[in-house]
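Sequence order for the protein chains is A and B. If you're matching positions, the first sequence starts at 0 in numbering that gives the first Met the number 0 and goes up one per residue. If you're matching positions, the second sequence starts at 0 in numbering that gives the first Met the number 0 and goes up one per residue.
Mixed in with the good hints there might be a few duds.
Copies of the same chain are indistinguishable here, so a pair counts whether it falls within one copy or spans any two.
[Said to hold, decoys possible] Okay, derived cross-link-like pairs now, EDC-like style, lysine to aspartate or glutamate, Cα gap no bigger than 16 Å in a straight line:
1. 167 <-> 199
2. 7 <-> 123
3. 361 <-> 408
4. 7 <-> 269
5. 7 <-> 124
6. 7 <-> 266
7. 327 <-> 408
Treat the hints as calculated values from the structure; they're not laboratory data.
Protein chains: 2
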Amino acid sequence: MEFSTFGKRYARRTGARELMDDLGAAMASEADVMMLGGGNPAHIPEIQALLADRLRALSNDARELRRMLGDYASPAGELQFRQSLATLLRSTYGWPLDADNIALTSGSQSGFFQLFNLLAGQFDDGSTRRILFPLTPEYAGYNDLGISNDMFVARQPSIEQLGGRLFKYHVDFDNLVIDNSIAALCVSRPCNPTGNVLTDAEMQGLGELARAHGVPLIVDSAYGLPFPQIVFRDCEPYWDDNVILTMSLSKLGLPAVRNGIVIARPEIIDALAGMNAVISLAVGSVGAVLMRELVDSGDVIDISRKVIRPYYESRMRAALESVHSSLKGRNYFVHRPEGAFFLWLWLPDLPISSAELYQRLKARDVIVLPGEHFFPGLGEDWPHKRQCLRLSYAQDAAAVERGIAALGEELHALGA
Amino acid sequence: MEFSTFGKRYARRTGARELMDDLGAAMASEADVMMLGGGNPAHIPEIQALLADRLRALSNDARELRRMLGDYASPAGELQFRQSLATLLRSTYGWPLDADNIALTSGSQSGFFQLFNLLAGQFDDGSTRRILFPLTPEYAGYNDLGISNDMFVARQPSIEQLGGRLFKYHVDFDNLVIDNSIAALCVSRPCNPTGNVLTDAEMQGLGELARAHGVPLIVDSAYGLPFPQIVFRDCEPYWDDNVILTMSLSKLGLPAVRNGIVIARPEIIDALAGMNAVISLAVGSVGAVLMRELVDSGDVIDISRKVIRPYYESRMRAALESVHSSLKGRNYFVHRPEGAFFLWLWLPDLPISSAELYQRLKARDVIVLPGEHFFPGLGEDWPHKRQCLRLSYAQDAAAVERGIAALGEELHALGA
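Working from the sequences, and respecting the hints, build out all of it.
As structure tokens, then:
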């Protein structure tokens, strides 16, 4: 059976597909898989209990239950949640937001599919524009989202050595030339895969650059402020009317409800609402209704600060300790883990590609993610791309420790 | 701000957007709107109670709760639900299905976005292929789904007069020529908007025609068998390995969870899974986990037959009676309501377009849907397109009755 050009493009074996297949297989597997791949959040007991309580309350509230399950929302997404979130962000950060600054999407990924293809690609005047990632490594899921070929362009970072086997990527502003072919800038903050949190000065710089060139700055805050707040350093959230800020309910513990959030000026929200109506008819309301009370009360920020962030920070410290202990004697560097729930390893002496290392570890029931996937839009051959691994520390702690030990053994065997 | 060609295409003011905006505004409105538009299902008390019970049970089951909210599903959708549904369909109809014949999508609409653009549009060899709707009127939501222009083609129906002001559309097989430019055939059964249920002989004919031309037959069963079974006449469900059958949880009462279901041969399911992974990362699991027990036990078929179908059948009879009483003396015909939850009115003497009639009724707080939207792919100017209305009878019964009375008054005033 022959598929269309579009069909072939989106149905092909992508990095995202490999990731999700491995994740799904491992989650369903009877074997004792060490899951350091994927982006599944942890099941934090306090959060699970809170969600169970909310569901129990909703099951006894016929009106809210109808809103959660039984009524199509309007195209931009469930209105009360959008109003509550606008109020929360206004009171917390002083941003001048209203419900018409907020659209919900069927998960962040779908939101990015819509956003990237709205802003970039082919234009009616025959021109082509691209999304620029000012700093790679960057999220692998962006890679395959473009309707047209060649929709992304990216820059290498500058690398700061921090001592203690830590390093940090920075935006290389000197090489950040923006011309007419750029439709928007996009960064994740905290960064998936590296755990990097761009500094406030870098955000300021990117914001000014974007504004000067009349293009929006997209900031993917799936792990960031104000929730789920998986950020281990002081930093300010960044929004102005030239910023498209995306948030998510996934890393609060709700990846299976598929609720992405986009905060932008009304013109962009209206376009996304139109795309929702055509492509999805409506966006689901489960996450919105489930979380609205916590947004109204501001408790969503409290639980993020008091439960979610400390949980991941303590998991991060344990994982980092495992790396230092299991990789002792190897030549390795870890990106300073400033947020999200990944360790990003750089193995400069790796004699095979990180994709091959991924396969070797998978054969030992250790699932990690090879670094290759995390350079969307970066065409040039840069050895660094094959020298990195992303390790999630969100799943079972003992399995993470054993997985890292297995990695140490493989590296030892490879003489890396 | 300038949007891409794709962006403009999907963000434009489409019929679907108008529908969803009106529906959302009416649902949120304080005014006493008579809602005969939109496709929102009814809130059937027994079903609401059942869903509340399921949620309560899940809130006390930590493991299932994690699967429902906290874990990304594999790309084809939550595996246990797909296994359970395959088993149910195998035992009920004898279809040789397995989990790899089933994909979940983020709602049926997203499923059709993926399916249509997978099968039709531009091909690598430079050719263009289209989806053929063998019978229009057909679902308005198909209209705007094509990535490329001109992706749909359609045929007029033949019209059978049944007496008692009823009529029925039939596939006009004599004019159903299929050439190389056709990628697939697509019908909704029961039909949204008309409530038509294609006869078993028509399905057989379409199935054979599709197979003879080496193209799949897509059957949209959002309202059909085995659930939610909003079908008021005896008919056989239709599936073979050349059929792509789509089902939905929406009309069971779960439109806000956004769970579509596609049943097809593994090659197509695998392609849809790939598209899910790229476009959505994963499909939501809420509907799948919420409904799995009812699918396992077969109760989902029982409640469809004993609760959902009788509920809508009795609503249909009341609405039909209202039409005959309020439109007495006017020249009108009603498509025989055989399924779904709409009355499709044909007003041959209407002196204005049905779009204008829609506006007049909206000004009286009566929301209906004008027929114009329901001829996707039918380019030719056919007066019938402007002479029809779709009335939903799923919402408040008294409001439906008052809405139909208001329609009668408008038609009287128009001398139609």
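Violations among the numbered hints: Every hint satisfied by this model.
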